[in-house]
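Residue numbers (numbering that gives the first Met the number 0), protein chains in the order written: chain A, 0 to 372; chain B, 0 to 378.
There's no promise every hint is true.
Stated by the list, open to error - So, partial list: chain A residues that the calculated Cβ filter (under 10 Å) puts toward chain B:
no., residue
1, Gly20
2, Arg42
3, Ala334
Said to hold, decoys possible - Taking CB as the label site, the calculated pair distances span:
no., chain 1, residue 1, chain 2, residue 2, range
4, B, Gly298, A, Val77, 52 to 62 Å
5, A, Gly260, B, Glu81, 51 to 61 Å
6, A, Leu85, B, Lys368, 46 to 56 Å
7, B, Lys119, A, Gly174, 43 to 53 Å
8, A, Gln203, B, Gln68, 36 to 46 Å
9, B, Lys95, A, Arg185, 22 to 32 Å
10, A, Ser75, B, Glu81, 36 to 46 Å
11, B, Asn92, A, Gly73, 50 to 60 Å
In short, the hints are calculated from the structure, not lab data. Glycine included, each C-beta is placed from N, C-alpha and C at the ideal position.
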Amino acid sequence: MIHLFTQFPHLAEFVQQLINGLSLGAIYALIAVGYTMVYGVLRLINFAHGDIYMIGAMTGIYAMTQRPDWSGAGLSMVILLALSGLVLLGAASQRWRGRKCEYLVVIALLLAEVAVLGLVPWRHGEPCPPSWLTFVMVLGGAMLASGLLGYQIEFIAYRPLRNQPRINALITAIGVSMFLEFGGQRYFGATPQAFPQLIPGLEQHPDLFKFGPLVIPKVDTLILCVALLMMFALRHIVMKTRVGMALRAVSHRFDTAALMGVDVNRIVSFTFVLGSILAGTGGILVAMRSPKVDPIMGLLPGLKAFVAAVLGGIGSIPGAVAGAFLLGITEVMVAGYFPHGSQYRDGVAFVILIGVLLVKPSGLFGSNASEKV
Amino acid sequence: MKYFAHALAVLGFMSVMLPAQAHAADDEIGIGEFASMTGATATFGISSDEGARLAVEEINAKGGVLGRQIRLIVEDDQSKPEEAVTAVQKLINQNKVCAILGEIASSRSLAAAPVCQRCKVPMLSPASTNPKVTKVGDYIFRACFIDPFQGGAMAGFAMNQLKLGKFAVFYDVKNDYSVGLREFFSEYVKTHGGQIIADESYSEGDQDFKAQLTKIKAAGPEAIYVPGYYTEVGLICRQAKELGIGVPMLGGDGWDSEQTFKIGREAVNGCYFTNHYSPDEDRAEVKDFVEHYKKKYTGKTPDAMAILGYDAMHLMADAISRAGSTKGKAIRDALAATRNFPGASGSITIDADRNARKPIIVLKIEGDKAKFVATIKPN
């Protein structure tokens, strides 16, 4: 193998670019799948999805470097937390009586979040030492945070608009995206932050295999493995479980699924949470590869993942994955082989979008007829 | 009636949001400063502001200038050239400053300089190195060297001291400073018998550089010149290391920030960059400055932007006192006549192009510190 790549350095360069593209594509895939699933169930393009990816990365930074200073918390924080607990109890009692109480749960969550995030001063602490356990815990924390956020966004911003013209929800989605971005700038600070090392030895010895001039970096392999693992888990959930069957039913025919006894609200929430968990994971993975995290980092990758979902056929999960890998590889090839290609790399996604909409609007794997918004 | 009351209430709330106008009192001299306190190059603005404030403290403790205390009014431009224009307009029109200090980044200085020139308010940039900045007009000055010298100095160092001949350049296409340095570095290399075998670009804000780095690696350079700002530089060095690029990276003063080490970590080890000063320098002025800075800012080691902000503030105060007045023309003439001003970063003489002639320090990164390697004097 080493001889092959030393003999043909152009082949080595091509394979290297392919690996770069696959790694980029894996991250786009994690975000694109969320877009496509939400479109599938609600026919809504959730523009705020890219910002959930950003929140995942930010959660990673907070988990690694920030510590809450409980002593600095005032009486108001304790009051809010107590209130949150009371509301939760109220919700539990309603549930026990068989009545609706989801809004109470969301209120309790919001109160707790304002208390812990807003009223407790967070101080820069000692970063956790890198280890596989840290990696798993940070990933878990990011998944939890982004999942919760996805659930709350759906409940507060999109569910009230369920019976209104779809354009209202679309505009709301843009509003939520801006809220997260500029709110993030206000809360986290607009200055990019450095993401600390998660896995021991990753930066000191970054290559996994070396075949002559071809170097396979550990971080790209890790990203591909984690992304593929999550894809398989998602496929298992969607294809082999009852919830997955209900999800497919709802995305096929919303009203009929409701008539068949599927609790559509629960399924929609589940879809959002699932998509957000994947996006949060994407945020952590990308932060390991390019450890610069800032509140607007989700804007461009979110748009590109949306394009990837459209390319693969919006509403189709395998389509989103295929579209994302295709987009990642194309972007890297344009940057790597065209003269001045690196200046056009961001434009590639949008050229592809226009091309797809002109030539085959339903995308590669799409089957739905085009619908008017 | 109900709507009238409602509107009145809204106006009442909005009036609370009107910011208090910072205005120098009659017994104070108002000097404006616009810097990137937040955003992609936040450490530049924060450092230069800290240096300037240290200088203001020292000057005011000695009685101020022309018997009046100095009041430094700072505007944040968020690392964006559009905001730099707004910041300078506000300083000139609302805060009525008599002179302006700023900016570190050449792109933002270039955006704001026409405003200062038009309003005839002298502007002194502590660290903008692109030659176009002072060409905007005769009211625009700088207290540092310019990029033809910087690009040539790094090229000369790499070819003569490190004995390298084949270079790749990876520059930021959206950044005037980076574009300029790439031009001057390439020119020097080509006219002195070296080769530029790869010339790639990126944009400020990019996260993924592996495509261009793979292309550069395939060309086989002996060193890569990355004249960008510290955030991207850190990422570029990391991704280069991941791709197995073992050759040293070279850079300019845009590398000088603690964030280079925080983002780049192991990957920036063994890289060289040109800068305005090194905290290890053996001169008494440098040692004094480092000591006072550490005392005021709790143990933080000053970077080049801090010392340049400090020197620029002292130079501005000196010019005002030599001018004997706070009129723009007088200050401008005094600045233009500066000869051998004893700055902490070196002796500052403003030449006919309103630039300063100062030596360049070459630094090498070892661990999480930049060590002094060589001084290159202007010819």
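Against the structure, the hints come out as follows:
Because the smallest distance between the Cβ of Gly20 of chain A and any Cβ of chain B comes to about 8 Å, under 10 Å, the interface hint for this residue holds. With a cut of 10 Å, the hint placing Arg42 of chain A at the interface with chain B is violated, because the nearest CB-to-CB distance is about 31 Å. The restraint placing Ala334 of chain A at the interface with chain B holds, with a minimum CB-CB distance near 4 Å, inside the 10 Å limit. At roughly 35 Å, the beta carbons of Gly298 of chain B and Val77 of chain A sit outside the given window of 52 to 62 Å.
About 56 Å separates the C-beta atoms of Gly260 of chain A and Glu81 of chain B, a value consistent with the hinted range of 51 to 61 Å. Distance hint check for Leu85 of chain A and Lys368 of chain B: the Cβ-Cβ separation is about 54 Å, which falls inside the suggested range of 46 to 56 Å. The given range of 43 to 53 Å is respected by Lys119 of chain B and Gly174 of chain A, whose C-beta atoms sit roughly 45 Å from each other. As the Cβ distance of Gln203 of chain A to Gln68 of chain B is approximately 52 Å, the hint placing it in 36 to 46 Å is violated.
One distance hint, 22 to 32 Å for the beta-carbon pair Lys95 of chain B and Arg185 of chain A, holds here, with the actual separation near 30 Å. The supplied range of 36 to 46 Å is met by Ser75 of chain A and Glu81 of chain B, whose beta-carbon atoms lie about 39 Å from each other. The supplied range of 50 to 60 Å is broken by Asn92 of chain B and Gly73 of chain A, whose beta-carbon atoms lie about 41 Å from each other.
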